[in-house]
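S.K.: Line by line, the protein sequences are chains B and C. All residue numbers for the first sequence refer to this note's numbering, where the first residue is 1 and numbers rise by one. All residue numbers for the second sequence refer to this note's numbering, where the first residue is 176 and numbers rise by one.
There may be inaccurate statements among the hints.
[What the hints assert, rightly or not] Calculated cross-link-like contacts (lysine-lysine; reagent style DSBU-like; alpha-carbon spacing at most 30 angstroms): (1) B:Lys43 to C:Lys248; (2) B:Lys153 to C:Lys289; (3) C:Lys289 to B:Lys175; (4) B:Lys175 to C:Lys300; (5) B:Lys31 to B:Lys7; (6) C:Lys300 to C:Lys251; (7) B:Lys175 to C:Lys251; (8) B:Lys2 to B:Lys43.
None of these hints come from the bench; they were simulated from the model.
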Amino acid sequence: MKTFEEKWTAWLDGQLTGKELVEFEASLPDKAAAELERQDAHKLGAFLKEHLEAPAMTNEEFFHHQLRGQIERESASEGRPAEAPEARETWWSIGRLLWTGAASLAIFCVCTYFVITGDNNPGGQSTYLTQIINARVDPAVSPNATISIFESKENRVTVLWVDGLQSLPSEYAAK
Amino acid sequence: MSARFLAFNAALLTFVLSQGAPAMASESVWSGLVMANNVPEPTPIPAELNSLEATLKKLFGYNQFQVIGESRKTLKTGEEDWLATSKYFSLHVDSKAAKRSSYVLTLQLFQEQKLLLETKTKLSKSSPLVIKGPQVGDGQLVLLVVIE
Numbered sequence: 001m002k003t004f005e006e007k008w009t010a011w012l013d014g015q016l017t018g019k020e021l022v023e024f025e026a027s028l029p030d031k032a033a034a035e036l037e038r039q040d041a042h043k044l045g046a047f048l049k050e051h052l053e054a055p056a057m058t059n060e061e062f063f064h065h066q067l068r069g070q071i072e073r074e075s076a077s078e079g080r081p082a083e084a085p086e087a088r089e090t091w092w093s094i095g096r097l098l099w100t101g102a103a104s105l106a107i108f109c110v111c112t113y114f115v116i117t118g119d120n121n122p123g124g125q126s127t128y129l130t131q132i133i134n135a136r137v138d139p140a141v142s143p144n145a146t147i148s149i150f151e152s153k154e155n156r157v158t159v160l161w162v163d164g165l166q167s168l169p170s171e172y173a174a175k
Numbered sequence: 176m177s178a179r180f181l182a183f184n185a186a187l188l189t190f191v192l193s194q195g196a197p198a199m200a201s202e203s204v205w206s207g208l209v210m211a212n213n214v215p216e217p218t219p220i221p222a223e224l225n226s227l228e229a230t231l232k233k234l235f236g237y238n239q240f241q242v243i244g245e246s247r248k249t250l251k252t253g254e255e256d257w258l259a260t261s262k263y264f265s266l267h268v269d270s271k272a273a274k275r276s277s278y279v280l281t282l283q284l285f286q287e288q289k290l291l292l293e294t295k296t297k298l299s300k301s302s303p304l305v306i307k308g309p310q311v312g313d314g315q316l317v318l319l320v321v322i323e
């Protein structure tokens, strides 16, 4: 249902018809004053239409208007942070990824090699020193023989020290 | 970039494969039967023992070292055997190639036909093996095996 203001606006514009028009005009307390007000509104509308039209611009003015608009837009865009490029470059290029992968593989191989070979050293001996894997003497020939192993760090010499072998006469020193 | 990448991978592959390859058989092994004793005027130490003179003197306490038997074997396949002999002793060496410039040697010391000592060692380059043998008179029989 329309309010009084809506009906009043429609009446001023001459859009009320029929029964609605009759009922609205009957509800007006002072119809003569209302008619006068409607005529003033029509006059004001006609005046505004006549005098407030957008002035036609000459070519020079239109050019200046366009130029000022462009300057204003550019000035406004300079104040805002630059937009991110569509294809953002990262440090992880394909080439660098390949190099990084190959270097990681190399480090893995080297570490794995040293870990594996380190486990194979009996008695924890260094791989750079000669290692005694086993040693034995014939107990029937030398029943009291004992064997010990040590390393001399001076010349990286590995020594197999056998005590208790049967002593021999000096003629056995012959060439 | 691709050329450098391929070169890098080739070097890496070479490194990995070289670690698994057996020692190159272009080295020679010197094996010696050495008699150590103390004398008033010691003879100069043999050239093969020059670098070990101080170590041998410190280990055994003798001032003279004489080679009574020796053998120098150039390893071609790494799997060879040889003999260093003196009049009464012989040192039999049987080698097998191992990794990283080393050889697995089985050493047997014989007094004439009698086996006195047997040992299996992994001999590394620049790390000589010294074995204390039996007492002979007032001296000491010492066995040495060195990759040259």
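S.K.: Holds or violated: B:Lys175 and C:Lys300, Cα atoms, limit 30 angstroms.
M.R.: holds, 28 angstroms
S.K.: Can you confirm whether the C-alpha distance between C:Lys289 and B:Lys175 stays at or below 30 angstroms?
M.R.: holds, 18 angstroms
S.K.: Under the criterion that the straight-line Cα-Cα distance not exceed 30 angstroms, is the pair C:Lys300, C:Lys251 satisfied?
M.R.: holds, 16 angstroms
S.K.: Compare the distance between the alpha carbons of B:Lys175 and C:Lys251 with 30 angstroms, and conclude whether the hinted pair is satisfied.
M.R.: holds, 28 angstroms
S.K.: Holds or violated: B:Lys153 and C:Lys289, Cα atoms, limit 30 angstroms.
M.R.: This hinted pair is violated, its Cα atoms lying about 33 angstroms apart.
S.K.: Verify the proposed pairing of B:Lys2 with B:Lys43, using a straight-line Cα cut of 30 angstroms.
M.R.: Cα-Cα ~26 angstroms, so holds.
S.K.: Please verify whether B:Lys43 and C:Lys248 have alpha carbons no more than 30 angstroms apart.
M.R.: The hint is violated at about 130 angstroms.
S.K.: Holds or violated: B:Lys31 with B:Lys7, Cα cutoff 30 angstroms?
M.R.: With a Cα-Cα distance of about 14 angstroms, the restraint between B:Lys31 and B:Lys7 holds, given a limit of 30 angstroms.
Hint violations for this structure: numbers 1 and 2, all remaining hints satisfied.
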